[in-house]
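**Student:** Protein chains in written order, with the numbering used here: chain A, 47 to 417; chain B, 4 to 102; chain C, 17 to 289.
Treat the hints loosely; a few may be bogus.
[As the list claims (entries may be wrong)] With beta-carbon atoms standing in for the labels, derived distance ranges:
{"hint": "1", "chain 1": "A", "residue 1": "T247", "chain 2": "C", "residue 2": "A147", "range": "34 to 40 Å"}
{"hint": "2", "chain 1": "C", "residue 1": "Q140", "chain 2": "A", "residue 2": "Q224", "range": "39 to 45 Å"}
{"hint": "3", "chain 1": "C", "residue 1": "E260", "chain 2": "A", "residue 2": "K95", "range": "54 to 60 Å"}
[Unchecked claim] Stretches of chain B that chain C covers, calculated by requiring three or more beta carbons in the stretch to come under 8 Å of a beta carbon on chain C:
{"hint": "4", "stretch": "24-38"}
{"hint": "5", "stretch": "50-63"}
{"hint": "6", "stretch": "79-85"}
These are calculated hints, taken from the structure and not from any lab test.
All residues carry an ideal CB built from backbone N, CA and C; glycine is no exception.
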Amino acid sequence: MSAAESPPNQRRLMEGSEAIAEAAIAAGCRFFSGYPMTPFTEVLECFAKRLPDEGGHCINSESEIEAIGQAWGAAATGARAATGSTGQGLSLMQESMSEITRAEIPIVIFNMARGQGDYFQATRGGGHGDYRHIVLAPESVGEATELTQLAFHLADQWRHPVVIYGDYLIAHTAEAVQIEKINFGPLPDKDWAVDGSLGGTGRSRNVNPIGMEKGSKGIDPNKFWQKLSDKEDRIQEAEQRFEVEQAEDAELLIVAFGTLARFARAAIRDLRADGLKVGLFRPISLWPFPAQALRDAASGCKRVAVLEQNAGQMIDDVQLSLLGSVPVVAIGGISTDAAGFGIGALLDSDRIAARARDAYAGKPVPRGVVS
Amino acid sequence: MSGAEANKKAGHKGPRGSVVINTERCKGCELCVPACPPGVLRMSSRRNASGYLLPELIEGCTGCSACLMVCPDFCFEVYQLEDAPDGSTPANIRKEAAQ
Amino acid sequence: MSNDYDPLRVIPTDAPPTVACRKKGSFEPALTLMGEHDLCPGCGEPLALRQILDSIEALGHAQDAIGVIGIGCYTALTSLMDIDLIQALHGRAPSVATGAKRMRPDNLIFTLQGDGDMVNEGLQEVIHTAARGENVTCILLNNGVFGETGGHMTSTTVLGQRTKNSIEGRDAKQHGYPILIGDLLAGLQGTAYCARASVHDAKGVARTRRFLDRAFTSQEKGQGFSFVEILTMCPTGWFIPTAEGPNYLDEELGAIHEVGELKKDGVLIDRNA
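Let the hints inform the model, and build the full structure from the sequences given.
**Tutor:** See below:
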């Protein structure tokens, strides 16, 4: 039974791609644009199928740059709009994503990533200029549906792009989910959005990323950039999200995000069964990174082990959070499959447990490709 | 023959139109001069505060608005004169104008 | 007070006539917040802008027009425009206009882009938007140069034209041939209306206005993609005296990018007929 046929709000087995699209639609998203690329393609397929039924629009964009442009236009008129791709496609979108941030346009962007190598791209403002995006990293299909709805709310609340860091596993795993519209609270009217109505009144709008003001020839870039920076400071205070498990007595704290954290959790079960005191810290917001919460969780630990599927990216944020207060070691590494989609040898709780054991004992953990 | 001469030949006793020129905004581009069909705009030797040479109007304006259409700085306001009750058009359009 | 006609008497132009008259044209175009801008003397772009804004108002779209603006000298004119606007990136206005039109189909949505913007950086975007028959109007201000960077070659620069990076004149062997974007877009099935005008003289400006009216009307009727290319003077980017701009435009650019209507109601017009 398709989503359109089954009774609303029923718990159904759904592939992540479909669940994400349904969650976005539940949140009121009525515009999507995208270009096919593995493992994002099915997200586009689901939106293409479902949005017309909901009175929305899904455009099969001829390039990723056009996809972000089309979503930009839709969002600038006040609609809830989204686009997405995988890491390479997001690379193409970065100029626009950077400018959309300065234009303060709310937009949700899905990176169905090929592993965890896009952490820097997502969290350091992947394009030119001085900015960050809110980045949410779900670990499961169920959490992806909740964070997708949250993303639209945060985007509108802050007038700021929100990136969902998904991956191949989330896109292509089916889980039983129940998608209901979540009410996150009231939001102000979008009187900044353009609908043509203020033409000729002297109060017409220009949604723009360069600080242009009507009736004034000059621009004040300093004032403009400072406003964005001040807003990001407030976001940093307000939107940190994380999960901590068994950290109170932990001697080793594993830090992991996304689907990899579930494998870590399984490894920790085995380690605990062997009497090793291991805990898990899972950042859910990759930006703002929950630095204080990590410091709190790691205090009292002998060592922090960073588990990620890349050459070492989140470990920088871990180091910055801890500032040498607890030793940090990397227990992840390069790990993907022959097609490069991120389904690598590290996705194995036994392998992770073995590396954690070495870290626990203070033994060196091999770097490089995980085998 | 110039537009002014043509107007005269057609029996008009005076100008049919006129313009107001915003000289402060003018950038002396001179586009209005060749654009004027009766040829009644010409560059003067006066300059505005920005140092640009300014155009001036001589007799024969028809109020066609060509100057307004080709001015990049929106310096022209165009008027068409109403005919007097006896059918003639006024010779002096600004009563206080000096000779 | 003589009734004689003195062709050399200078008429004061600092105030309106004090005899009975009616105002035929105001300083500023419709839907303008102020008339002052810092574009070069003799720039053709404000002439095009005037006709665009006047057309929008005359056709009754003042409260539903949304302009999507590219990046070029004309970007500065957004401070003057009293209509709702979205500022896009270089080349990217057609996709932004597409998204906006999908969500607001009853609005009159147009792009305003230069040749460097539309035909260099954004060639893909305008072609796809036209091919899809998106019901938007793309407006090209074509002066054959990147004006804002100081006068560099674009895809519409004509052979022989001297720019800062084709200083001996554009040469087919070295630099290839110009793209006649109006002709390219007219050939796409999604294009309903396509025309090219030039603002080198008042007649050209009047023609520009006619083509704009027809393009916007085509959008009103939901015919598909409409396109108006407007050739504009750029004496700065052409390195010629300001007063020579209109002739250069007509004789150099106009000879290659030919003025006229290319397509109406979805049907190609035979320009040799």
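**Student:** Hint by hint, note whether the structure agrees.
**Tutor:** Each hint, compared with the structure:
no.	hint	result
1	T247(A) to A147(C): 34 to 40 Å	holds (36 Å)
2	Q140(C) to Q224(A): 39 to 45 Å	holds (42 Å)
3	E260(C) to K95(A): 54 to 60 Å	holds (59 Å)
4	24-38	holds (count 12)
5	50-63	holds (count 6)
6	79-85	holds (count 7)
Against the hints set out earlier in the document, no violation occurs for any number.
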